[in-house]
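S.K.: Below are the chains, spelled out letter by letter.
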Amino acid sequence: MAMQDIYVAIIEDEDDIRESLKIIIDGSEGYRCVGAYRSCEAALKEIESACPDVILMDIALPGMSGIEGVPRFKNLLSEVDIIMLTVHGENDLIFKSLKAGACGYLLKNTPARELLLNIREVYEGGAPMSTRIARMVVASFRQANVAPSLTLRQKEVLAKLIEGKSHKMISDELCISTNTVKTHIKKIYQTLHVHSQTEAIAKALKNNLV
Amino acid sequence: MTAQRFFHIFFQLFIAGWVMFFPAWLSADGDVRFDHISIEDGLSQSSITAILQDKDGYMWFGTQESVNRFDGYEFKIFKQDALSASAIGSNLINCIFEDRDGYIWLGSPTGGLTRLNKYNGEYKLFRRNEFSDSNTISHNSILRADAIFQDKLGHMWIITQGGGIDRFIPETETFSHFAYNPEDAGSLSSNQITGIREDAAGDIWIATEDAGLNRFNRDTGKFTRFMKDSRLPLDKQPADNHIFVINASSDGTILLGYRNGMVSFFDPASKHFTHIDPLPNSDLPIFCIGENRKAHGKSFWVGGEESGLIKISRPVSGSFSTKRISTKDVAGKLYPASIRRIHPDNSGNIWLIDTRNRLQLLKPRQQYVTTFENDERFASEFVSAIYQDRSGIIWIGTPGSGIAVYDHNKYKFDHHTLTGRDGNTAKARMIYALHESGQGENPLIWAGSVNNGLYGYDTAGKLIHHFNRRPGSSNSLTDNAVRSILFDQDNTLWVGTGNGLSRITGLEKPRPVFRNYYPEGPDPTFRGRGGVRSILQTPDGLIWMGTGNGLLSFDPQTEAISRYLYTKNPAQGEYTLTVFSLYLEADSLGGNIWLGTNNGLYYFERTSGESFRLTENTWQGNNWITSVREDARSGQALFDQKRVLWLGTMGSGLIQVFLTRAAETRKPLIHKTVSFSETNGLPNNTVYAVLSDDSGKLWISTNQGLSCFDYDQYRENPLRAFRNYDTDDGLQSKEFNLGAAYRANDGRMYFGGVNGFNSFHPDSIRENPRIPPVVITSFKKFDQAVSLDQSTLSEMTIPLSYRENFFSFEFAALTYTNPEKNSYMYKLDGFNANWVPNGNRRYANFTNVPPGEYTFRVKAANHDGIWNENAVSVNISIAPPFWQSWWFFFLVAAAFSGILLAIHKTRLSWEKQRIREIERVKADEQIKKYQAIEHATKSERQRVRKKIAADFHDQSGHRLTKISLFCEVMKSQANGNLSEDDHIYLDKIMEASADLHSDMTDFIWSLHPDEDTLYDTAVKLKDFGDKFFERTGIAFRVNGISKDLQKIPLNMEVRRNLIFIFKEGMNNILKHNRTHCSNVSLKIEQQGNKYRILLCDDGLGFQYDPAGNGRGIKNMQERAKTINGNIQIKSAPGKGTTITLEHTIEQ
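Line by line, the protein sequences are chains A and B.
Here the first sequence is numbered in the numbering used here, starting from 1 and rising by one per residue.
Here the second sequence is numbered in the numbering used here, starting from 211 and rising by one per residue.
Worth flagging that the hints you see were computed from the coordinates, not collected in a lab.
Quick caveat: nothing in here was measured; it's all calculated off a predicted structure.
We put the beta carbon where it would ideally sit given N, CA and C, even for glycine.
Please note: incorrect hints may appear among the correct ones.
Short, incomplete list of chain B residues facing chain A, as computed with Cβ under 7 Å [unchecked claim]: (1) R1169; (2) T1171; (3) S1174; (4) V1179; (5) K1232; (6) D1236; (7) G1243; (8) F1246; (9) V1248.
Pairwise CB distance ranges (calculated) [what the hints assert, rightly or not]: (10) A:S177 - B:N1185: 36 to 42 Å; (11) B:A995 - A:S149: 56 to 62 Å; (12) A:E173 - B:Q1141: 17 to 23 Å; (13) B:E1295 - A:D5: 47 to 53 Å; (14) B:N1185 - A:D5: 16 to 22 Å; (15) A:T151 - B:E1295: 47 to 53 Å; (16) B:V1154 - A:L152: 44 to 50 Å; (17) A:D5 - B:T1242: 24 to 30 Å; (18) B:K1139 - A:S149: 30 to 36 Å.
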């Protein structure tokens, strides 16, 4: 199956890491690095012309943090998928990024193979979710006091994740493939993002009014 | 005489003569005025067939399609729907009758007889058809308006078109039919019944059209016939067998009218007939005969074909005399009318219906009967019914124009509008001056209009004189606006106009002589200030005039003019004194003159010619005095010997002025003034004229009608001092005009306004004494009407439940003269303390009335304020709800005290408990406080620890990442420059760094204070496993993760080691089992105070040696030991591997 190259942009302040990732991506069949920036500010200037499909975004950046940057990039490129890069997988930060609009997360020293596969997975519509993230997602929805517009399937996936079921078990029990599970998860992130947006607006409004 | 002058005179003669041929009239509307009731007022249909007033006072009108009941305000329509709709005209009612029990009987031309209960609308039909039984009416057609009759026994007699007569007995509800039976001499003599009457003895007399008279014998049920019989003496038999009309007089005489023009008076006791031929020259039939009510049996009215109205007088002794009264038609020709109905009213009028169904009227003291042809007062051409109710109102039903009502109680004042020679009334509506002249012989009524001169009428209303201004003619008025009129001592007519004075003599001649006095040159005395507003003549002969610029005196002999209070050469718009009215002081010396002006009250001394204005500090600028009158009792004790004047003002009502005299000068001074205005009852504060009548009452014209002020009544009861009249009483309009008032010597009064003028004699202005009966027309509870039987109202008690305490009454005073001016008062005894005045509203609502016994009373006053103090009343009883009854109350009280006792007891025990609890809580709080402090310190320490570690980790993490990435880069950029071994070592470097990184991450994780239970550890393992076995083709499953695991706390070390052990285990599976393993499962179990974690795979397995054979098993065992756990490894070749860790939960 002929595949289009996936256009990837990297935002990472550690030069060595950034350059290494760039070389790895460019050197791989089916991927192209269209931009490597050391900060959000620098990226924002050129990202539109670069037009990546996927952005690898470091969570901790100087100036505008990765979490702050996510919505900006989503504004400029509405279809872009943003994968957060994290050193040690801090759940809180990951969750914040997901709320902000990211659709996946990776440990920075993920082996290249794994990294590329993850990029392709997200590009094709799937996303990973751990039980811990699942719990945070559900808690966030509950806190927003809004009935999240999740489909029945998505709710089932979330519920089973929270119950501590493995991905394989989820796909067994729901009679769907693991890929479909991943697709559901990505959609759940989108809903999470939407909700966190409305939450933010509501908060902002509240602040203005008060 | 010049030719010019000749022509001039000839021309004037010609005109005068010519105009004389067209008689003009003073229309005296007050004589007969009709009001009309039509469909717009609620009448159901405009062809009236029958009229009746029932015992309660309601008016009933039969129309072509229903029966209407009228209470003065609304029509209630009774339609007989159940009468078969196939019978055309079955709702047409010809005859309405009320029996003694109050039922309304209706007869119709095809629908038979109906008996209606007017209170509940129920009716009973008596109609003969194939379904009815024989006990019903003999024939369904009832045509005559007088077809139903009830005798003294209560039996009903009904004349139908089928012949004969029916008798209905209400007690048994049975019908009997009496008809002519040729074989029975005791049967009715004929089936053609013309009428039935009862005599004083109670005998029933039935007249027939062709066979004489019958007397009914109640005992036998048979008839005795009285027919023409040559064998009998004339006075023992009727004059003719064809009796067209039968009637009874008040003394019991039976009156008969015959086809041959004769009339008989029949004495039922002696069976004696007295025959009279009222018109010897004619033998045309007699249609009606009635008694002249006022004459008490002494005179009768007879009408027939071409008979005219005949009056028969029956003296006590002596012979009868007849008098024939003809009718005068529109053209003035007299002819004898053919009269089919005579109806005298109690004002002395005789109303007639001729055979062509047209209305005619004979007024008292009139020599001939008048018709209403071409008379717009009576708008219909034909008449179908006529009825007089108990108050004297004549109701005239017409076939197509509703009802005309003649109410002599309503219009108290005669209303005159001027019709000039051209027949035009519009020109002469505004009247500004009135006068009556020629007392005694031929009084003339003079009316001055504002734009068409002066009119003079005789008392019959015929125009005798009309003077206006004809330019170029010196024998005409100075102006068309006539402001004042005077007839002086010599019968000279003085006319003050808007532009001068005309002096007219020789009125009796065909051409009266005018002498006109105009303003000379630019002298504005007369001109432009309203002219001559008032005139009087003093005994010395001088004519005094109030003008727009002061007072003028005029000597008729010398024609010398003197001016007083006069502004010489006033500029345009400059103020001048306008004198509206002059009043001659009654004084033995001939009197001085009071002036009512636009600047207040002035007094003019004739001798000195001086005049001065009267005013007083407290008297606030009532500047425009329109009229001045001295009270008849001026100077008497009533007023403390003070003289009293009455002043009319423009805007301040009526003012009573008390005068004294100044000590030396003897000039009049104001002692005090008393004002009467709208607040006292005057209808309007603009008073145009004041006249006093013989009894001392003042008649006042205003912008809101006339008012009669009784000063004596005022002193007794100030609220009833003013009696006000408006257009409903017959006034020309509510608006009158300044100065248009005159009192004649005989007391007759004239007041003029914007629509002609009114004349009346104060003595004949009477209140309508008719006390109106009051009925309650409906009773509603919650808007649901409940029908009431009026006859039993006072004994009735309406029961209501406590929930139905929302009810209302509607009532009406059944008087038909100005019913909208009726006033009502009601009172619910037990609820209202006093009578509640209700104005002219006819309903009373009551809401939220508490349970109890009440009586509702209502009384009414007619339009003149005469109250019917006999209120109508009905009782109401509202039952209390059960919870308001006494037994319920006691029950509740008992229960209540029981509850109180129980509560008290409970409270005592609670109190004790409470005290105990407080103490316990205090102790708990202490403990919690210490625990919190401990916890806080502990978590604080943990956080700090975590932070340090995280920082370190971050840094190291990056470095490790770089190591991996550099290796990747090398591999990716190798391009074949690296050997396989190189790749392997690079992979090893990457793996080692990844492991290190992973360890560090786990270490940081284990420091996390929030991940401190078995649950968190299990979840971490699960997430790790998911990621780890992703894309490996191995199915990873987890069992046993549940919230219960959150109850099992694990400290840092345990967590760390558990993670390590099982990560190692999963690593091993991949390392050694990759291709052969398809399922891995992680299980967590809890048993009592122990828990177990199991990791199973279905891979190759290995030979397990507890001593250790690599695979990090030694490491696992050591770690398990460190945490005091128990690890077991089960494995066999081909059977997979299970690692079980068991650990006791720490407390």
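S.K.: Taking the hints in turn, state whether each one holds.
M.R.: Right, here's what the structure says about each hint:
{"no.": "1", "hint": "R1169", "in the structure": "10 Å, violated"}
{"no.": "2", "hint": "T1171", "in the structure": "4 Å, holds"}
{"no.": "3", "hint": "S1174", "in the structure": "4 Å, holds"}
{"no.": "4", "hint": "V1179", "in the structure": "5 Å, holds"}
{"no.": "5", "hint": "K1232", "in the structure": "6 Å, holds"}
{"no.": "6", "hint": "D1236", "in the structure": "5 Å, holds"}
{"no.": "7", "hint": "G1243", "in the structure": "11 Å, violated"}
{"no.": "8", "hint": "F1246", "in the structure": "5 Å, holds"}
{"no.": "9", "hint": "V1248", "in the structure": "5 Å, holds"}
{"no.": "10", "hint": "A:S177 - B:N1185: 36 to 42 Å", "in the structure": "37 Å, holds"}
{"no.": "11", "hint": "B:A995 - A:S149: 56 to 62 Å", "in the structure": "60 Å, holds"}
{"no.": "12", "hint": "A:E173 - B:Q1141: 17 to 23 Å", "in the structure": "42 Å, violated"}
{"no.": "13", "hint": "B:E1295 - A:D5: 47 to 53 Å", "in the structure": "49 Å, holds"}
{"no.": "14", "hint": "B:N1185 - A:D5: 16 to 22 Å", "in the structure": "20 Å, holds"}
{"no.": "15", "hint": "A:T151 - B:E1295: 47 to 53 Å", "in the structure": "34 Å, violated"}
{"no.": "16", "hint": "B:V1154 - A:L152: 44 to 50 Å", "in the structure": "45 Å, holds"}
{"no.": "17", "hint": "A:D5 - B:T1242: 24 to 30 Å", "in the structure": "27 Å, holds"}
{"no.": "18", "hint": "B:K1139 - A:S149: 30 to 36 Å", "in the structure": "46 Å, violated"}
The structure shown violates the earlier hints numbered 1, 7, 12, 15, 18.
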